[in-house]
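Spelled out, the chains give:
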Amino acid sequence: MFDFLSNYNDPSFLGAFWTTVKLTVFSAVGSLILGTLLAAMRVSPVPLMRGFGAVYVNVVRNIPLTVIIVFTSLGLADIFRVTMGASGDVKLQAFRLALLGFVAYTAAFVCEALRSGINTVPVGQAEAARAIGLSFSQVLRIIVLPQAFRAVIGPLANVLIALTKNTTVAAAIGVAEAAYLMKGMIEKEAQTLLIGAIFAFGFVVLTLPTGLFLGWLSKRLAVKR
Amino acid sequence: MTEVSVVKDAVPAADDLVVLKSVNKHFGALHVLQDIDLTITRGEVVVVIGPSGSGKSTLCRTINRLESIDSGDILIDGKPLPAEGKALARLRADVGMVFQSFNLFAHKTVLENVMLGQLKVRKTDKKQAEEKARSLLDRVGVGTQADKYPAQLSGGQQQRVAIARALAMDPKVMLFDEPTSALDPEMINEVLEVMQQLARDGMTMVVVTHEMGFARSAANRVVFMADGRIVEEAVPDQFFSNPRSDRAKDFLSKILHH
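Chains as they are written, first to last, in the numbering used here: chain A, 183 to 407; chain B, 7 to 264.
Each statement offered as a hint is correct.
Now the in silico label distances, taken between C-beta atoms and shown as ranges:
(1) B:K133 <-> A:K406: 24 to 34 Å
(2) A:F262 <-> B:G84: 52 to 62 Å
(3) A:K347 <-> B:G91: 42 to 52 Å
(4) A:K406 <-> B:S187: 20 to 30 Å
(5) A:T302 <-> B:A188: 18 to 28 Å
(6) A:G197 <-> B:K92: 46 to 56 Å
(7) A:T392 <-> B:G208: 55 to 65 Å
(8) A:K365 <-> B:G91: 47 to 57 Å
(9) A:V305 <-> B:L36: 13 to 23 Å
None of these hints come from the bench; they were simulated from the model.
Note that CB positions come from ideal geometry on N, CA and C, so glycine has one too.
The following block holds chain A by itself, in its conformation from the complex:
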């Protein structure tokens, strides 16, 4: 019943999902970093930074992801010649462009999750930190953000699961991840329902443990007050 899966080599079934995993992990790391910086901007005392953070989040999170991903290819690459250091390698270039798009997009959601986490940290924590002479960035790095992160592991798990599934949009610019392969199979094979079920199951295998693990972690690391 599953014989047809082995007829595909470029990408292979596992190879396609491996690309999905790579897109997810790299985008998750990138968006966590960018999202944290954006959150720091949004709570910073400098009005210009606050303004930039707010504009970024409100612009980026309101653009459909497909538009962003297609823009990285048709806009950044074709018009502005941004090749992401892979001008000779079309596949690698598409992968990196998609990665850029996912990081830019997901960072907006990470930022907002984190900002709500910052709001759960009592003002007194930051005041006490300032009172012993920590600088603004030390207060944020040592006292506020660690507590904020622990408070939003649950919401961040949601963002990560959404990101995992969002990586399917990369198929639109030819990144050979799971959804790209699925589309190819559906065109060539008769077992459309089975193919749909297999790929759906593949994503559940990726996201379910993520959600369970982060749920456990969130309870374990919760800050007791």
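Dock chain B against chain A, hints included.
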């Protein structure tokens, strides 16, 4: 109500540690600090009392600029209080602060709470910082709790850790913003005893409190505030037995007779 002119002790200027000169602050339309003049000399224990909403907590918080002021000057050890940035952070390290709600860092152990400022601000090496933290925790009587998290401690223990955390910075002056107001009655004394000991050791202290017993026994001077003004300043005996202003008489009659 008759206003009584504020009487100040004559002190040598060289020993002035904290000086507030015509400090004003508004919260919106509320004029919460009105022309505050206050000088605290080295080694002095000043207790600030007054009805709630009188501005005493705000006064305390302006001294390390957790609250900004609208006009006037604040000098710490002869230097004006910087508005922001590194200079302000440096100054805050020299001014210890103890809060009503303890504000221990909830994600760090008791020991880490007391070590943090030494490591990150004073750049003390880790071993030395830990030694000092442990000896301070012993001094305030919570040495055995060093590896616990703040939420596992009673309020009184948390507040004593908070005092140790402030002391770890070797502050020139300690500010106490209603340190016992959030405590269960049976825990108030353990905190007050630590403060009494500090006062005896010669620490300069500004204490906002409702603990009249502490004011009587530990204060060199009582500052009575009402409606954003310093209404009366006197040595404790004189203030409690013979207050000069009607406002203070009224306040004392409400809190001392029941």
